[in-house]
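Just so you know, the sequences run in chain order S and W.
Per the working numbering, the first sequence runs over residues 14 to 176.
Per the working numbering, the second sequence runs over residues 38 to 166.
Calculated directly from the structure, the hints in this document are not laboratory data.
A couple of the hints might just be wrong.
Derived contacts from chain W toward chain S, CB cut-off under 8 Å, selection only [unchecked claim]:
hint: 1; residue: F47
hint: 2; residue: W120
hint: 3; residue: E130
hint: 4; residue: L139
hint: 5; residue: Q143
Some chain S residues flagged as far from chain W (calculated, every beta-carbon gap over 10 Å) [claimed, not checked]:
hint: 6; residue: L54
hint: 7; residue: W58
hint: 8; residue: R62
hint: 9; residue: V82
hint: 10; residue: G88
hint: 11; residue: G95
hint: 12; residue: E111
hint: 13; residue: H118
hint: 14; residue: V119
hint: 15; residue: K120
hint: 16; residue: V134
Glycine included, every Cβ here is placed at the ideal spot set by N, Cα and C.
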Amino acid sequence: MEPPVGKTEIFVPVGIPQVVVTRAFDAPVELVVRAHLDPELLVQWLGPRELTLTVDRYEVRDGGRWRYVHRDSEGNEHGFHGVFHGDPSTAGIVQTFEYEGVPGHVKLDTTTFEERDGKTVVRTTSSFPCIEDRDGMVASGMEKGVVDSGDRLDALLATLNIS
Amino acid sequence: MVTDRLSLVFGALADPTRRAILNRLTEGEATVAEIAAPFEVSQPAVSRHLKVLETAGLVSRTRRATARLSHLEAEPLREVTTWLARYQRYWDESHERLDDLLAALQSRDNDSQGRPEGARENGTTSGKD
Chain S
14 MEPPVGKTEI FVPVGIPQVV VTRAFDAPVE LVVRAHLDPE LLVQWLGPRE LTLTVDRYEV
74 RDGGRWRYVH RDSEGNEHGF HGVFHGDPST AGIVQTFEYE GVPGHVKLDT TTFEERDGKT
134 VVRTTSSFPC IEDRDGMVAS GMEKGVVDSG DRLDALLATL NIS
Chain W
38 MVTDRLSLVF GALADPTRRA ILNRLTEGEA TVAEIAAPFE VSQPAVSRHL KVLETAGLVS
98 RTRRATARLS HLEAEPLREV TTWLARYQRY WDESHERLDD LLAALQSRDN DSQGRPEGAR
158 ENGTTSGKD
């Protein structure tokens, strides 16, 4: 089952250190893949709007290194880097991902692209070394946007998509 | 904190009956019979669900006279929803921006396809192709 265009699904399997993010885009697969692999395009969409993304290196090939930095308006920087495994293409992108604020906790991101009726479903499976790393990942480096604790429980539960 | 707290909570929340029980408890503490009333499940089944919720720290239970009352414990829920909300927000916003970018790129491609060849060569190009 695929999500409708315009809705990001986040799937958190219980007891497995993974997170799966799925989204359909109203665009052909080649263009969606280009937006992921061309650093000039990547900086235009990856991350929240109030953060500026700067790509230091983006060697799109087997064994190529990548590094980018999220900067907030106060000058705080969060660097991330990793390596591409296999040649990134419409067949998929496999890359390691390490937050420089918590070095040594490397996750593996596998992104697949599937075109259906002119729409492209993008699915990224992030595999963490352990469940603690998965659960600690978001707390580190993305401190902004704490959820309003006054939100109604049912509204919060409705957003949960868990197995 | 239990090392695998989030997993425990996610596991407890994975069941629709348990989510419904939590919703019921947002209205206030309740006995097993009161919780079971709206559901097509037996009181022992509700008790088992309550046990799972209690293990995850989502529910605490106290006795008043002969009644055993269940209360919602909000803190673990706040932890998982905060965690998920951050993750969700990061990707929602990224993907909205990607939607906009893809739409802009496609409209640009359509424009350039519609133009005569000469016009494209003479026009200012981004040089990104």
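Closer than 8 Å between Cβ atoms is the bar; does W:W120 clear it against chain S? Give me holds or violated.
At about 5 Å, which falls below the 8 Å cut-off, the nearest Cβ of chain S leaves the hint on W:W120 intact, so it holds.
Taking the closest pair, is the beta carbon of S:R62 still more than 10 Å from chain W?
Violated: least Cβ distance 6 Å, not greater than 10 Å.
Interface restraint verdict for W:Q143 against chain S (beta-carbon cut-off 8 Å)
holds, 6 Å
Could you let me know if the closest chain W CB is still more than 10 Å away from the CB of S:W58?
violated, 4 Å
For S:G88, is the shortest CB-to-CB distance to chain W above 10 Å, so the non-interface label stands?
Check passes; 20 Å lies beyond 10 Å.
Would the least Cβ to Cβ distance between S:H118 and chain W come out above 10 Å?
holds, 15 Å
Mind checking the CB of W:E130 against every CB in chain S and telling me if the closest is under 8 Å?
Hint holds; W:E130 Cβ to chain S Cβ min 5 Å, cut 8 Å.
Per the stated criterion, does the least C-beta distance between S:V119 and chain W lie above 10 Å, as a non-interface residue requires?
holds, 18 Å
Is S:K120 truly not at the interface, in the sense that its beta carbon sits beyond 10 Å from all beta carbons of chain W?
Since the minimum Cβ distance to chain W is about 13 Å, S:K120 lies beyond 10 Å and the statement holds.
Please verify that the nearest CB of chain W lies beyond 10 Å from S:L54's CB.
Per Cβ check, S:L54 is inside 10 Å of chain W; nearest 6 Å; violated.
Given W:L139 as an interface hint, is its Cβ closer than 8 Å to any Cβ of chain S?
holds, 4 Å
Against chain W, does S:V82 keep a CB gap of more than 10 Å to every residue?
Its Cβ never comes within 10 Å of chain W, the nearest being 15 Å, so this holds.
Checked against the numbered hints given earlier, this structure breaks hints 6, 7 and 8; the rest are met.
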